[in-house]
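So the sequences go chain by chain: A and B.
If you use the numbering used here, the first sequence corresponds to residues 21 to 166, in order.
If you use the numbering used here, the second sequence corresponds to residues 286 to 832, in order.
Think of the hints as simulated: they come from the structure by calculation, not from any bench.
Since this is a predicted model, take the numbers as computed values, not measurements.
A portion of the hints provided could be inaccurate.
As the list claims (entries may be wrong) - A few chain B residues that face chain A, going by a derived Cβ cut-off under 8 Å, partial list only:
1. GLN620
2. THR625
3. ALA656
4. LYS660
Even for Gly, the Cβ is constructed at its ideal location relative to N, Cα and C.
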Amino acid sequence: MSQQTVLLVEDNPRDVRLTQRAFKQAQLTYELQVVRDGDEALAYLNREGKYQEPTESPRPNVILLDLNLPRMGGHEVLKRVKQDPRFQYIPIIVLTTSGRSDDVRLAYEHGANAYLLKPVEFTRFTEVVEQLGKFWLETVELPPAV
Amino acid sequence: MSEGNDVWQAATARLFGQLYARLWLRLEQLLGSATTMNIIALSTEALQDAYPFLSRLTWRPQGLELATLVQAIADEEDPHVQAGCERLLQEVYVLVETCYGQALALQLQSEIEQLRHACDPAVSPSTMDSREVTTPPFETMEQALRMLHSFGQQALTLYRQHRNTHSVLEQAQCELNAWRQTASSIAITSAAAPSTPTELARSETFYHDLFELSPDGVIVTDTKGDILQANARCAEILELDSPSELIGRSVAQFLVYPEQRDAFLERISRSDRVEGQRRELRTHRGRTIIMVFSSRLIEYEGKSCLLSVVRDVTERARLAQEMEDFAYSASHDLQAPLRTFEGYARWLLEDYGDALDETGRQLCEEIIDDALHMKKLLDGLLEYSRIGRLHTQPVAVQVEAVLERVQHDLQIEIFDTKARITLPETLPTVFYPEVRLTQIFTNLISNALKFTAPGRAPEIGVDYEVLPRHYRFPVRDNGIGIAPEHSERIFEIFKRLHTREEYPGTGAGLTIVKKIVESHGGQIGVSSTPGEGSTFWFTIPKTEDAS
């Protein structure tokens, strides 16, 4: 089986570092691809610009999406990906600091597969990432990446 | 309620109503209507603030006697209530002083005499209107005060006459109904019987001015909700050019949720009055506005009608919403850097701990500690901003069930501290959002479990009292207590009286409780003896009116 890929959509470079470290500490050996905003996320999926090389930018098995993104917000990214017949099957997990009930409801309305809160405490964040990896990458059956 | 009590109620209401109406008229002559309206507004507030005090006063033997009133106010424990009483008393003095020496003093005094007369149920209604001047006018301030003093004693005598035949509670309610009449609504009913034609003209002009100049909408409808009378402000609120456009239309036309009307009519037919209601309206131009109103059943042109005073609070609601949104966003955005502080400091410790010396590692620990504490502060801020954001619906809640759950949730703390919690045999059912009531009790009881004196197991007592319009719940403890000079400060957000090492916490808890209590039409306070314990109390309106 080829290596699974996780696409992380996150604008804050420090959060990216912490997420990478959490993946490492949780011993999740998946390829973590990072894009910094909504436009980059769509370009990645559409294999546009610098994401043209399939070996360097493999199709993600799972997308981790922050909501608070510059320009095109997380909700819009979620909506567009879930409306695109080519990508709608990709599980999208919202990973955010917003516990706002409007955000939670809207995310599920747009087709999010799960909604997770980023804990402030790093050890707890690692636990969340670990559970996420165990479930979405090791437990459930996913459609093959196209 | 028996006949004697009805007479008492009517007489007292009449007495106070007419007395007030005369005083306002006099003030208007002296100061003009704008200033008078300000004073009426202040007086209404003072009466409301003094209300919990007055409700307890009726239980005391001294009744309404003015001199002992001063003493009783001095004895009052709750500073908020005390302040309200003092303002009320101050007003009485100011009014007497204003009237003293003026031509109207004579008339005023004779009217008070008549009113005293009218107040006696033994006197037949026909003699009430024989307006005889039986006592000389005020010569001095002392005389004026004596006048009021004897008036108080007259009321006291009446009170004693009836106390044997009726339950104390019923009497308290009757007396308070009289005290509580707001000046404006009393003025409308008592203006019906002025004594001379010039005064009739004067009082009609005055109440017409009052009606038209009012910064709030005033509206009279029949019992089906059809509009009979409305002032200019009412038309302005609803974005109509003239109040005449309102006459004959139904209030339901403007309600965003017309179905709320039936429940409202049902309730006012039961209780004669409904206060502090909040409604969304759609104006003539289709804009949605928020207003609060109070209504009461009155006689208008021989029919039973509804008099309502309406205040537009759209702007206030918008500002409050903006503040809460700001607090919410700020507390969220501040979390992002916190995650970095905490995460990186831990990273330093885990991967570079060996490269640091003991002080270096200690500094990392402290960054983590503070980041987590700040997270708790932000959670407090978030929670505080949520109280207004998330509208929780009031429901019928059994206080006993809430307290059982709170004790269950706090069972570890209760076990660890060996605390004993006592509840009264019965507890009422209140109309309140259940989650909010749980929050209030959880906060107060966990504080009582936390601020304990060394070597003394906490003893916590929850109780309740029935006030005329509220339930009052005291939560008593035997903890370290609070010095009187701090009794206000503890309700301010993030204000703490102890270091985090002495007693952990953020200082947001009581602020949240205060906001919950006040946003549901109640009050909160504390009385305490340092070293012996504290009693926190809060009130809940008996009906859903204030929620």
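With a cut-off of 8 Å on the beta carbons, see whether THR625 of chain B makes it to chain A.
holds (4 Å)
Classify the hint on ALA656 of chain B as holds or violated, based on whether any CB of chain A lies nearer than 8 Å to its CB.
holds (7 Å)
Once the shortest beta carbon distance from GLN620 of chain B to chain A is found, is it less than 8 Å?
At about 5 Å, which falls below the 8 Å cut-off, the nearest Cβ of chain A leaves the hint on GLN620 of chain B intact, so it holds.
So, LYS660 of chain B near chain A? Judge it on the closest CB pair being under 8 Å.
holds (4 Å)
Hint violations for this structure: none, all hints satisfied.
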